[in-house]
Structures are given as structure tokens and as C-alpha cells.
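For the sequence shown, full-length UniProt numbering assigns the number 1 to the initial residue and increments by one for each residue that follows.
Just so you know, the hints here were simulated from the structure itself, not pulled from any lab data.
All values derive from a computational prediction rather than experimental measurement.
Mixed in with the good hints there might be a few duds.
Here are the simulated lysine-lysine pairs, BS3-like style, with alpha carbons at most 30 Å apart [what the hints assert, rightly or not]:
| hint | residue 1 | residue 2 |
| --- | --- | --- |
| 1 | Lys-397 | Lys-497 |
| 2 | Lys-496 | Lys-397 |
| 3 | Lys-138 | Lys-272 |
| 4 | Lys-122 | Lys-398 |
| 5 | Lys-190 | Lys-398 |
| 6 | Lys-272 | Lys-224 |
| 7 | Lys-286 | Lys-314 |
| 8 | Lys-314 | Lys-224 |
Estimated spans, in silico, between C-beta atoms of each pair [stated by the list, open to error]:
| hint | residue 1 | residue 2 | range |
| --- | --- | --- | --- |
| 9 | Leu-512 | Val-257 | 42 to 52 Å |
| 10 | Gly-558 | Glu-524 | 41 to 51 Å |
| 11 | Ser-253 | Gly-539 | 50 to 60 Å |
| 12 | Glu-173 | Asn-522 | 46 to 56 Å |
| 13 | Gly-402 | Glu-173 | 19 to 29 Å |
| 14 | Gly-178 | Lys-496 | 42 to 52 Å |
| 15 | Phe-370 | Ser-251 | 54 to 64 Å |
| 16 | Tyr-469 | Lys-350 | 41 to 51 Å |
Glycine included, every Cβ here is placed at the ideal spot set by N, Cα and C.
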Amino acid sequence: MHLTEEQRQRIARNRAEAQRRRAAALAKTQPSVSAGFNGSEPSTSSRPLQVTAVISGNPGPVQSALVQKLLSNKAPSDLPHRTPAQTLANPISNRPVHFTPFHSDVVTLLKDIPSGSFDSKKREWFYPLRDIRAVENKLYKLDAVNVSLDSLPHNIWLENLHQNAFQKQPTLEGGVDGTLLNSLFPYQRKGVIFGIQRRGRLLLADEMGLGKSIQALGIARFFKSDWPLLIVCPSSVKYIWVEQIKRFLPSVSTILVIEKGSDQLPCEKTSKTVVIMSYDLMVAKKEHLIEYCFQAIIFDESHLLKDGIAQRTKAATEVRKALRTILLTGTPALSRPSELYSQLRIIDSKLFPNFRDFAIRYCDGKQGRFSFEAKGCTRSEELAIILQNNIMLRRLKKDVLGDLPEKRQEVVLLSDSSVHTNLDNLRKAKAAYKQDNEARHQCLVEYYYETGIAKANSVAKHVISNFFYDGAPRRKVLVFAHHQVVLDTLSMSVTKKGLRSIRIDGTTSSKLRDEQCQLFQNNEDVRVAILSLTAAGVGVTLTAATVVVFAELHWNPGTLKQAEDRAHRVGQTDSVFVQYLIARGTADDIMWPLIQKKLDILGSCKLSADSYRVCFVYLLKLLRLVLPYVIMYLHFLI
Numbered sequence: 001m002h003l004t005e006e007q008r009q010r011i012a013r014n015r016a017e018a019q020r021r022r023a024a025a026l027a028k029t030q031p032s033v034s035a036g037f038n039g040s041e042p043s044t045s046s047r048p049l050q051v052t053a054v055i056s057g058n059p060g061p062v063q064s065a066l067v068q069k070l071l072s073n074k075a076p077s078d079l080p081h082r083t084p085a086q087t088l089a090n091p092i093s094n095r096p097v098h099f100t101p102f103h104s105d106v107v108t109l110l111k112d113i114p115s116g117s118f119d120s121k122k123r124e125w126f127y128p129l130r131d132i133r134a135v136e137n138k139l140y141k142l143d144a145v146n147v148s149l150d151s152l153p154h155n156i157w158l159e160n161l162h163q164n165a166f167q168k169q170p171t172l173e174g175g176v177d178g179t180l181l182n183s184l185f186p187y188q189r190k191g192v193i194f195g196i197q198r199r200g201r202l203l204l205a206d207e208m209g210l211g212k213s214i215q216a217l218g219i220a221r222f223f224k225s226d227w228p229l230l231i232v233c234p235s236s237v238k239y240i241w242v243e244q245i246k247r248f249l250p251s252v253s254t255i256l257v258i259e260k261g262s263d264q265l266p267c268e269k270t271s272k273t274v275v276i277m278s279y280d281l282m283v284a285k286k287e288h289l290i291e292y293c294f295q296a297i298i299f300d301e302s303h304l305l306k307d308g309i310a311q312r313t314k315a316a317t318e319v320r321k322a323l324r325t326i327l328l329t330g331t332p333a334l335s336r337p338s339e340l341y342s343q344l345r346i347i348d349s350k351l352f353p354n355f356r357d358f359a360i361r362y363c364d365g366k367q368g369r370f371s372f373e374a375k376g377c378t379r380s381e382e383l384a385i386i387l388q389n390n391i392m393l394r395r396l397k398k399d400v401l402g403d404l405p406e407k408r409q410e411v412v413l414l415s416d417s418s419v420h421t422n423l424d425n426l427r428k429a430k431a432a433y434k435q436d437n438e439a440r441h442q443c444l445v446e447y448y449y450e451t452g453i454a455k456a457n458s459v460a461k462h463v464i465s466n467f468f469y470d471g472a473p474r475r476k477v478l479v480f481a482h483h484q485v486v487l488d489t490l491s492m493s494v495t496k497k498g499l500r501s502i503r504i505d506g507t508t509s510s511k512l513r514d515e516q517c518q519l520f521q522n523n524e525d526v527r528v529a530i531l532s533l534t535a536a537g538v539g540v541t542l543t544a545a546t547v548v549v550f551a552e553l554h555w556n557p558g559t560l561k562q563a564e565d566r567a568h569r570v571g572q573t574d575s576v577f578v579q580y581l582i583a584r585g586t587a588d589d590i591m592w593p594l595i596q597k598k599l600d601i602l603g604s605c606k607l608s609a610d611s612y613r614v615c616f617v618y619l620l621k622l623l624r625l626v627l628p629y630v631i632m633y634l635h636f637l638i
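Can you make the complete structure from the sequences, with help from the hints?
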């Protein structure tokens with residue numbers, strides 16, 4: 001097609017006006033181009049930042065892979081102007097995007113920029129973050145091609161340019177208690193350093209079981225001059241935090257747990273004081289907390305702050321005006337970025353200052369029929385790497401497997417209200433156990449049965465929400481229980497979630513038992529095994545699983561140990577994570593101290609080297625209360 005002289009002049013005027021506006025917008029940010037050019041491959045130690053906003057999580061020098069769409073050498077009016085199609089590799093590896101076709105004018109321009117480097121194998125160019133705006137400006141001025149760039153928003157570019165100059169690696173010795181430092185795995189030590197380099201403002205999103213709490217305490221302790229420390233968490237884990245602090249920070253002399261609205265905050269502000277409260281009490285005492293002006297805060301299970309209009313989120317946003325703010329979550333909802341926004345704002349309000357802009361870019365935000373909608377997920381890789389470069393640290397178990405012990409055990413206190421939906425029967429069984437000394441054993445058995453029923457739904461919710469949430473790493477889980485009604489409830493819940501499972505209980509034939517085990521071991525789609533403690537606790541190998549969950553306890557700790565070893569045995573190449581789910585106000589209050597007592601006796605006789613870590617203080621108090629009954633029960637067994 002031939003262009004008229006009038007068309008050519010109009011095209012030239014339009015191009016000149018576009019270049020003028022572009023140059024004016026970049027005038028304030030255009031940096032000088034420096035450093036020497038070499039044709040070697042970029043260092044693999046520096047994770048690249050792409051023009052499409054794929055930013056590294058490495059604190060080293062951030063570079064950029066120039067992302068472009070190069071079209072054939074035609075008149076500009078013939079060139080379509082659109083955002084290029086692109087294929088992005090896994091953001092953790094930070095491999096650049098591949099774009100075609102080749103154009104000699106662009107290559108010549110890129111070669112003339114001294115700070116660039118070329119990867120000859122991948123045929124990609126890399127530039128320091130500081131030079132990206134200059135490179136973009138030069139590309140827009142090319143006459144032979146019409147270049148379309150998906151540029152990083154200006155505020156995010158500035159924020160990342162600033163974040164690229166992190167503090168040097170800190171010396172932890174002297175800044176953090178030796179008891180805590182000596183307990184850190186190598187990856188946890190790196191996590192503490194990451195948090196300190198980000199000046200104690202971060203979202204720690206390691207997978208469940210990797211020890212976020214000890215890392216958070218290490219980061220916060222480095223900034224002890226800003227204490228007292230405030231920990232806001234679900235009510236059910238307040239005393240788990242107490243135990244963690246006593247264990248890892250023995251120098252802390254005052255741990256104040258706020259139980260009700262009338263409880264007072266500490267009068268004296270010292271570096272040896274920690275205050276712990278629930279999210280509900282944070283809302284109730286918001287004004288007092290703002291006035292008190294805590295400068296170091298940990299928000300545990302921060303996904304509870306995903307609703308931007310919820311009272312707890314509003315309270316946290318006001319309270320979080322502290323120098324050090326650490327958010328902990330094992331489920332950062334990267335597939336639902338709109339749920340992340342309020343958490344990101346608590347850490348850094350400048351990174352994404354406007355929700356609408358954030359939603360349009362990352363949540364497929366658009367005007368719906370009645371309101372603005374932001375329910376989707378776009379540019380997820382870009383967002384993940386921006387977060388990892390600035391405020392978020394997320395490691396999966398597979399990323400740190402070499403640092404983990406063969407088996408990790410923890411006790412989890414169930415907090416779901418469904419635990420107490422069967423209160424009447426539970427109370428009757430508990431009362432009978434307390435009153436009838438002659439039939440105490442039978443009453444305890446009944447109490448144990450009612451406890452299983454009361455816990456079943458809560459256990460099912462825990463397993464699904466913690467191990468099979470949207471976007472969760474693929475894993476296989478063993479769930480052990482004792483009573484048929486509990487096994488039935490678990491099976492129905494897993495099926496309702498759409499998860500394939502196997503079940504082995506006392507009614508399973510030997511032939512079917514072997515078939516079920518082989519199916520679980522060899523079929524990747526079979527994710528859950530629902531198992532009877534007594535029927536499947538021995539004689540089966542289920543090493544395809546890396547998580548073992550105990551929905552119910554058992555009188556004999558040896559039975560629990562054997563059940564653990566269904567996954568933790570010869571043939572297991574992964575680290576096994578074991579959880580014991582406990583509910584307060586149930587038979588667990590009696591059975592868990594019994595198990596501990598038996599293990600202590602066996603250990604003193606050197607018959608058993610196994611011990612299970614108790615994660616909360618109240619169990620120690622319960623042990624003293626039930627000690628007479630423990631002695632009577634042991635006497636009965638002997």
C-alpha cells in the first residue's frame with residue numbers, strides 16, 4: 001500500500017508528539033548510562049528484572065532483560081501497536097522472557113548501550129535496573145520499527161530501585177540471643193538475615209512446618225531497642241507463642257498475655273517485654289494500642305487480614321505504624337492477589353499505593369455491572385517476583401530439604417468452633433469420668449469416643465485448609481484416627497473436596513489392604529490416606545506421604561510411633577512432618593499428659609529415645625492437675 005504525502009506528514013507529526021510526551025515523562029527519572037559492555041553471559045548469581053516487571057528476590061545487583069516485540073521493517077503506519085505475547089518461566093528461577101522476531105536496528109541500539117550484557121545462548125539482553133528507563137526511551141525513538149513495551153509502573157520501578165540497595169549482611173551474633181541462633185536451621189538463619197536486611201518489615205510466607213515463628217522472633221530480637229514486642233495471633237496459639245519465647249529467648253523476663261479487654265498494657269517499656277493478644281482483643285483495644293505506640297509487631301496467621309473492610313484489618317492497619325512489622329502466613333494467596341493487598345499495605349504502603357491500579361494490573365480488575373470487580377489473577381509471575389524482591393520471603397519444603405531433619409513433630413491446638421458442637425455428650429462423659437472412681441477406665445474410654453466425634457469436623461477442616469488449599473504444593477498426607485465415626489467424617493470431607501483417597505481400617509481385607517497401599521504409593525492423583533491407628537499402624541509402607549496427621553490420640557505412645565513410621569521408614573527420601581491435633585476441654589487434656597508420662601518413664605529406662613515436643617504451657621499445668629489420676633491409671637495398667 002502506498003501512502004500519500006499527507007498521510008506521511010500526519011504519521012510523522014503523531015510520532016514526534018508521542019516521543020515528546022514520552023521524553024517529558026521520563027526526563028525526571030532518566031539515569032546516566034555507565035559501565036562497560038561485554039558480550040559474556042550475565043552472572044547467574046544476579047536475578048534479572050524484566051521490563052515486564054519481573055523482579056528478582058536476590059539482594060544482589062538487580063538487572064533487567066529487555067522485553068520487546070520487534071516487527072518487520074515496514075512503514076510505521078503499517079505496524080500494529082500491541083502488547084507482545086510472552087512466555088514467562090518460573091519466577092523462582094527468574095529466567096527471562098523470549099521475544100521474536102529479530103531486528104538489526106534494535107540489536108545495534110542495544111549494543112551501543114555500555115551497561116548491557118548479552119546471553120548468547122538464550123539471545124537475551126540484560127541491563128541494570130537503573131538504566132531501564134534510558135533503554136526504553138531509546139527504543140521508542142527508533143524510526144524503523146514500532147516497539148511496544150509492557151513497562152514497569154513508575155512507582156514500582158522507583159521502589160525497586162531503592163530496595164536494590166539493601167543493607168549489608170548483618171552480624172547476628174550479639175544481636176540475637178545465642179539460644180535462638182543455635183536452634184536455627186541454615187535456611188532459617190537466611191530468613192532472619194533477609195528480614196533484618198529489610199529493616200524488620202516483611203511478609204514471611206514459608207510453607208507450614210518450616211518454622212516461621214522462630215525466624216520472626218530472631219528478626220524482632222535483632223531490633224530489641226524498639227521493644228516491647230507486640231504479637232497479635234489467633235486466640236488458640238497465644239500460649240504456643242509463650243512457649244516459643246521461653247524456649248528461644250530466655251532473656252525475656254516479662255511475657256504478658258492479654259486475656260480480656262480490661263487487662264492493662266505494661267507500664268514500663270523495656271527490651272525484655274513481650275505482649276501477646278488475639279485479633280479480637282486488638283480490635284477492642286485499638287485506641288490503647290495506638291496510644292501505646294508499639295514499634296515492633298508480629299502479626300501471626302496474617303491471612304486473617306485479607307478482607308480490607310474487616311474491623312481487624314482496619315485495626316491492624318492503624319496499629320501497624322511501627323518501625324518493625326512482621327507478617328506470618330503459610331498461605332500467601334498468590335493466586336488471589338486481591339486478598340494480599342491489605343497485607344502488603346500494612347508492610348509497605350508505598351509499594352502499591354492505589355488498590356484500583358493494583359487490581360487492574362494484577363487482579364484482572366474491571367468495572368462490573370454494579371461495582372468494580374477484582375476477582376481474577378493476571379501477571380502473577382511479575383507480582384510474585386516484585387514481592388520477593390521487596391517484602392516477601394517464601395520457601396517451600398522442597399527448596400530447603402537439605403537443611404531439614406528427617407522427621408519434625410509439632411502439636412497443634414484446634415481452635416475451630418466445631419470442636420464443641422457436641423458439648424452435651426462431651427460434658428456428660430467428662431462428668432462421669434471425674435465422679436466414678438470405680439469405673440474410671442470405662443468412663444475415660446467413653447470420654448475418648450465423644451472427643452473423637454467432637455474433633456472430627458475440625459480435623460477435616462484443618463487438613464484441607466492447611467495442606468490442600470488452592471495453589472498448595474502437591475503432597476500426600478496420612479491421617480490417623482481410631483474411631484469409625486471419625487474415619488467416616490474424614491473420608492466424606494476429603495471426597496467432598498474432590499481429593500482421591502484410600503482408606504484402611506479394621507474391615508479392610510489383607511488383599512484390599514495391599515492394593516490400597518500400592519495405589520497410594522504409585523498413583524500421583526491419590527493424595528490422602530485415611531487410616532485406623534490400630535489396623536494400619538503396622539505392616540504397611542506409605543513412604544509416598546510426607547505429612548502425617550493424628551486426628552486422635554492413643555493410650556500407647558508406641559502405637560503413635562509405629563503410625564509415624566508408616567511414612568518415616570526405609571525408602572523415604574523426603575523430610576516427614578508430623579502433627580498431633582489437640583482440643584482443649586476434651587479427653588486430650590488427660591491423654592496427652594499420659595502419653596508424655598509414659599514416654600518419660602520409658603526414656604528413663606532407656607527403652608525409648610522418642611519424645612514429643614509440647615507446644616503450649618497449659619498442658620504442663622494440666623499435668624499437675626491430673627497427676628493423681630495418672631498414677632492411678634498407671635497402677636491399673638500395671
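Now the hints, each set against the structure:
no., hint, verdict
1, Lys-397 to Lys-497, "24 Å, holds"
2, Lys-496 to Lys-397, "27 Å, holds"
3, Lys-138 to Lys-272, "56 Å, violated"
4, Lys-122 to Lys-398, "27 Å, holds"
5, Lys-190 to Lys-398, "16 Å, holds"
6, Lys-272 to Lys-224, "8 Å, holds"
7, Lys-286 to Lys-314, "10 Å, holds"
8, Lys-314 to Lys-224, "26 Å, holds"
9, Leu-512 to Val-257: 42 to 52 Å, "50 Å, holds"
10, Gly-558 to Glu-524: 41 to 51 Å, "32 Å, violated"
11, Ser-253 to Gly-539: 50 to 60 Å, "51 Å, holds"
12, Glu-173 to Asn-522: 46 to 56 Å, "48 Å, holds"
13, Gly-402 to Glu-173: 19 to 29 Å, "24 Å, holds"
14, Gly-178 to Lys-496: 42 to 52 Å, "49 Å, holds"
15, Phe-370 to Ser-251: 54 to 64 Å, "56 Å, holds"
16, Tyr-469 to Lys-350: 41 to 51 Å, "30 Å, violated"
In summary, the structure is inconsistent with hints 3, 10, 16 from the numbered list given earlier, while agreeing with the others.
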